[in-house]
Amino acid sequence: SQQGEEDPQALSIQEGENATMNCSYKTSINNLQWYRQNSGRGLVHLILIRSNEREKHSGRLRVTLDTSKKSSSLLITASRAADTASYFCATPSGSRLTFGEGTQLTVNP
Amino acid sequence: DAGITQSPRYKITETGRQVTLMCHQTWSHSYMFWYRQDLGHGLRLIYYSAAADITDKGEVPDGYVVSRSKTENFPLTLESATRSQTSVYFCASSAQGAVNSPLHFGNGTRLTVT
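Chains as they are written, first to last, in our numbering: chain E, 1302 to 1410; chain X, -10 to 103.
With the rest of the complex left out, here is chain E (with noise of 0.2 Å):
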């Protein structure tokens, strides 16, 4: 059973613009994690952001977590053609981490 949920399913944006995708999840967590993954490719991990912290910042992502609206967000600041990819908010689930459908994003030259 999935537990985590990614909106928007798609997104196409320019280069240079900023990408904000969202997880929605049901159950209490103590952390969740983001991966990216290219096409044709394997999942690669981005960031783990733990229930006590609210945000975090990697290079030119930012992961917020709001564990009262049980949600979280990936930020991606300027975007290049290179982050065309789907990402993915993957929370734990008992011993196992379950992985949304992910958002596919479209970065356009």
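If you are wondering where the hints come from, they were derived from the structure by calculation, not from laboratory data. The model shown is predicted, which means the values in this text are computed figures rather than measured ones. Any given hint could turn out to be false.
Distance condition first, Cα-Cα at most 20 Å in a straight line; then the derived SDA-like pairs of lysine to any residue [as the list claims (entries may be wrong)]:
#1 X/Lys46 <-> X/Trp16
#2 E/Lys1357 <-> X/Ser90
#3 E/Lys1327 <-> X/Glu48
#4 X/Lys46 <-> E/Arg1397
#5 E/Lys1327 <-> X/Arg33
#6 X/Lys0 <-> E/Lys1371
#7 X/Lys46 <-> E/Gly1395
#8 X/Lys0 <-> E/Ser1340
#9 E/Lys1371 <-> X/Asn89
#10 X/Lys0 <-> E/Arg1342
#11 X/Lys59 <-> X/Gly86
#12 E/Lys1357 <-> E/Asn1319
#13 E/Lys1327 <-> X/Ser69
#14 E/Lys1327 <-> X/Gly29
#15 E/Lys1327 <-> X/His30
#16 E/Lys1370 <-> E/Ser1340
#17 X/Lys46 <-> E/Ser1396
#18 X/Lys0 <-> X/Lys46
#19 X/Lys46 <-> E/Ser1394
#20 E/Lys1370 <-> E/Asn1331
#21 X/Lys46 <-> X/Ser69
#22 E/Lys1357 <-> X/Asn89
#23 X/Lys0 <-> X/Gly52
Looking from chain E toward chain X, a few residues come up when the C-beta cut is under 8 Å (computed) [to be verified]:
#24 Asn1332
#25 Gln1334
#26 Gly1343
#27 Leu1344
#28 His1346
#29 Ser1396
#30 Arg1397
#31 Leu1398
#32 Phe1400
#33 Gly1403
These stretches of chain X come out as covered by chain E in the derived footprint (C-beta under 8 Å, 3 or more residues) [what the hints assert, rightly or not]:
#34 32 to 44
#35 59 to 70
Note that the Cβ used here is the ideal one computed from N, Cα and C, for glycine as well.
With chain E held as given, fit chain X onto it using these hints.
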């Protein structure tokens, strides 16, 4: 090269045949995982292993068998392939389990069952 390697990259097989997908990691990570990725379902966990000789079922284990005799290898076998097992299969590893540390994924095996 360090990392996680899956083979083959592409595989076509017939219904009823046995097929084994290989996964090898060079980090000596304790945990290894098999996921399948399908449109409309995202990634679903098939099996995972916390250490050599320790394996456990995931969300969709039926029709699959795993073994882990060595820390670095985690093969996935489809005992009698069915069309519903056509999918992209990803192997992953992590140092401290899935929920508290990042997963490192291979580039996947695209399996087609005809």
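Kindly indicate which numbered hints from before are broken by the structure, ordering the numbers from low to high. Hint check: 1, 6, 13, 16, 18, 35 fail, others pass.
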